[in-house]
Amino acid sequence: SQQGEEDPQALSIQEGENATMNCSYKTSINNLQWYRQNSGRGLVHLILIRSNEREKHSGRLRVTLDTSKKSSSLLITASRAADTASYFCATGSGNEKLTFGTGTRLTIIP
Amino acid sequence: NAGVMQNPRHLVRRRGQEARLRCSPMKGHSHVYWYRQLPEEGLKFMVYLQKENIIDESGMPKERFSAEFPKEGPSILRIQQVVRGDSAAYFCASSPRSGAKETQYFGPGTRLLVL
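The listed protein sequences derive, respectively, from chains A and B.
Everything in the first sequence is counted per my numbering, starting at 1 for the first residue and increasing by one.
Everything in the second sequence is counted per my numbering, starting at 1 for the first residue and increasing by one.
Since the hints were made in silico from the structure, they are not lab data.
Any given hint could turn out to be false.
[Said to hold, decoys possible] Dumping the calculated EDC-like pairs for lysine to aspartate or glutamate here, alpha-carbon to alpha-carbon at most 16 Å: (1) K56(A) with D66(A); (2) K62(B) with D86(B); (3) K69(A) with D7(A); (4) K44(B) with E96(A); (5) K70(A) with D7(A); (6) K51(B) with E96(A); (7) K44(B) with E57(B); (8) K51(B) with E72(B); (9) K44(B) with E5(A).
Just need the whole structure built from these sequences, with the hints factored in.
Next up, the structure:
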């Protein structure tokens, strides 16, 4: 079964609007991380939220975690063209590996 | 402090050849992870290594794939007798401690194309 599934799979919004992406997972976790990947590039770590945290902020990013629903959301406020990328959630669950979702492709329309 | 380095960035091989992918973790990081990304998909864990030890290779195909992280030098992911299905982006990540509890920092990846 797929751990870490993002929705929507693709999202297009106007520059300046807010973008919200969701991630659901199936097993218990220690933490959940969000990464950004520009086309053909590596992953950039955005934010880590631990299982005992409910919300975390970093600049224009806001992440929430609801362990009872096994879900997380990533909100990007006041989007910019440079935010165009794929966004992945990844869960860490006690062993060492991260389990990634399939990603949300975000396009910001100037 | 340089980030995670991977080379080569692009690698083209013909079926049956060997591919060697190298990863130098961030300074002070002793934990290395390899992931594979197929087109339009997320990353899939392959193997987790600490210096001179393979800790978890549950995501590694049983045949043709091997990984090492020697005491000196970079971590190497080796794919023998490559097939077209091995074409993918291979990412290395490193962390200073147990990775699932801490941030893993990713390299730029090696894009392998098998002709």
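Status of the hints after comparison with the structure:
no. : hint               : result
1   : K56(A) with D66(A) : 12 Å, holds
2   : K62(B) with D86(B) : 14 Å, holds
3   : K69(A) with D7(A)  : 15 Å, holds
4   : K44(B) with E96(A) : 13 Å, holds
5   : K70(A) with D7(A)  : 14 Å, holds
6   : K51(B) with E96(A) : 15 Å, holds
7   : K44(B) with E57(B) : 12 Å, holds
8   : K51(B) with E72(B) : 9 Å, holds
9   : K44(B) with E5(A)  : 13 Å, holds
Violation of the numbered hints given earlier is absent; every hint is satisfied by the structure.
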